[in-house]
Amino acid sequence: MNLGNLLKVAIKALKRNKMRSFLTMLGIIIGVASVITMLAIGQGSKKSIEDQISSMGSNMLFVMPGTMRMGGVQQGSSASQRLTVSDADAIRAECHAVIAVSPEVRSSGQAVYGNSNWPTTIYGANEQYLEIRSWEVVSGRNMTDSEARGSAKICLVGRTVADELFGEGIDPTGETVRFRSIPFKIIGVLKEKGQNSFGQDQDDVIIAPYTTVQKRILAQTYIQSIQMSARSAGESALAQQQVEEVLRRTHRLREDEDNDFSIRSQEELATTMTSVTEILTILLGAIAGISLLVGGIGIMNIMYVSVTERTREIGLRMSIGGRSVDILLQFLIESIMLSVFGGLIGIVLGFGASSVVEALTSWPISVMWGSVFLSFAVCTLIGVFFGWYPARRASDLDPIDALRFE
Amino acid sequence: MKTIIDIKSLKKDYHIGEVTVHALRGVDLAISQGEFVAIMGASGSGKSTMLNIIGCLDRPTDGNYLLDGVNVAGMSKNERAAIRNLKIGFVFQSYNLLSRTSALENVELPLMYNPAIGARERRERAMAALEAVGLTDRMDHMPNQLSGGQQQRVAIARSLVNDPVVILADEATGNLDTRTSYEIMSLFQELNARGKTIVFVTHEPDIARCMTRSVVFRDGHIIREEEVRSRLDAAKMLRAIPVEEE
Ligand SMILES: Nc1ncnc2c1ncn2[C@@H]1O[C@H](COP(=O)(O)OP(=O)(O)O)[C@@H](O)[C@H]1O
Ligand SMILES: [Mg+2]
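The listed protein sequences derive, respectively, from chains A and B.
Just so you know, we're using our numbering here: the first sequence kicks off at 1 and counts up by one.
Just so you know, we're using our numbering here: the second sequence kicks off at 1 and counts up by one.
Hints in this document: simulated from the structure, not taken from any laboratory.
Glycine included, every Cβ here is placed at the ideal spot set by N, Cα and C.
Rough simulated footprint, nothing fancy, chain B against chain A, three-plus residues with beta-carbon under 8 Å: (1) 1-9; (2) 310-316; (3) 395-403.
Based on the sequences and whatever the hints tell you, model everything.
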């Protein structure tokens with residue numbers, strides 16, 4: 001029998017038992033829909049984390065003193081382990097893969113304006129800091145190089161600080177705010193960033209020249225970290241290597257000595273963060289995959305029932321010239337159709353469920369075309385795999401026995 | 001007349017565990033074109049076994065069998081399927097129509113397995129076959145909308161549609177009442193008159209008398225073979241039977 005006739009026969013057989021066909025497909029429908037939805041959720045949460053990490057800065061690298069262990073930073077107390085402004089200057093001068101460098105010092109304290117005060121964090125940095133951290137100035141201006149080096153009493157404020165001290169939406173540029181009693185003139189307001197993936201408010205900041213924060217607030221000469229941008233994402237690893245070379249030299253480390261600093265990149269951070277969601281995605285996908293498997297077993301079961309029920313039909317088809325392979329294909333195509341139709345409905349349902357989840361969570365849920373194609377291919381395979389044994393059983397029947405079957 | 005079926009010393013054994021059943025113990029049978037042969041005998045005498053071998057559904061344990069000049073005894077499963085498709089028409093006691101499938105589609109079925117025949121020719125030939133059995137107006141009916149006699153007519157149309165060299169019927173009237181049996185026999189006589197070769201298994205002597213020759217089996221042997229004298233005209237018999245009052 002040719003393929004066209006085989007398809008016709010299969011469609012007819014499925015139509016003859018509409019309810020049963022539908023119930024059989026249900027397993028596949030649910031399986032495929034859940035695979036697609038689970039993978040979309042996993043992908044969505046991964047993407048949302050990635051988005052948040054990329055909002056932290058552009059191709060960012062940072063150096064911290066001490067060696068970073070799995071648990072976090074092991075802060076060194078000896079002077080040799082501290083980072084200094086000259087380290088940052090050396091990086092700026094020598095590392096070609098690094099396009100922006102800024103020292104960073106921070107301190108927390110009360111910001112005061114008139115009767116309002118607000119507990120916040122002040123970051124000491126230079127004029128390249130905004131570029132590194134993907135900050136934009138919405139009103140006013142960035143600091144200059146000479147202000148950064150010259151302990152100017154100026155600052156930029158995040159939206160939260162501006163709102164809390166001056167009132168919702170008010171532009172405080174030109175006003176003077178006190179932080180730990182030191183007056184800072186506000187030269188600009190930072191564009192809103194919102195919360196990061198840890199739930200921290202990224203707009204609750206004041207950015208001032210690092211020299212000012214070092215001298216006036218912390219009274220220290222070293223810096224807490226060095227923040228950098230690599231020229232491109234691709235050059236991140238190269239930049240990391242160049243920074244390491246420079247710092248090993250400025251810190252006068254011998255060949256056999258370990259680094260007394262740690263360099264981390266935004267990429268690494270992203271990888272660590274997303275690896276968790278990846279594991280989750282695999283887990284969810286696997287659970288959904290199991291339901292797909294159960295769906296396949298459902299098809300196998302019904303195909304066995306169908307072969308038994310239609311034993312006489314098989315005998316008849318053989319008696320009028322149906323070869324074993326015709327019978328095999330007839331049942332195989334039937335089971336492939338059950339599984340592929342189920343898969344198609346499942347895909348549609350999966351899209352629907354994904355957009356419901358998107359509406360509920362506001363994650364950027366995106367159905368992966370890969371998972372759609374994968375489900376489709378898996379459905380076809382399920383149809384073949386689980387249809388094979390029942391179909392073989394049908395095609396192996398002896399026509400006379402089959403015709404006599406009660 | 002040309003010999004359609006030429007069987008020599010045909011044997012068929014069935015092995016059930018340790019026991020061997022000799023269903024056919026050396027049968028010679030020749031059937032010429034245009035014959036209408038009754039195969040008779042008690043239950044278990046080997047009639048169906050014989051018919052299944054003639055129809056290439058089963059293969060003999062031993063012996064020779066030429067069908068339409070071709071030696072089919074040693075053919076493979078697939079070759080036999082092709083022979084059945086092209087040269088054999090089967091009619092069964094229990095009709096064996098596909099349920100929820102129209103009469104026309106049931107009749108088309110054998111041609112579906114013949115790749116040389118397209119959809120259009122298939123339809124035309126199926127319609128012609130239904131016309132030959134007088135069911136043109138029932139083409140679209142499902143089997144459950146047809147009486148037993150009508151269902152058997154559809155089955156006969158199905159056996160005709162591939163224009164076989166021989167039609168094989170195994171107790172084709174076994175499920176029908178007397179009146180309907182004669183209707184069916186009348187149809188077979190008509191087909192035979194138009195030149196169809198028919199082999200018909202029955203254990204009813206009256207039905208056998210509608211045919212041209214009878215072959216009687218007992219215990220796997222042919223014990224008697226004779227021309228039917230004073231042949232019955234099924235159409236005439238039908239007129240003699242009063243229509244039952246409902
Ligand atoms: N598939 C089979 N397996 C074992 N024995 C069989 C089989 N088919 C038929 N027989 C035996 O072969 C003999 C002839 O059977 P069959 O041809 O069906 O007789 P009939 O049609 O004349 O009633 C019987 O004894 C029967 O039991
Ligand atoms: Mg029998």
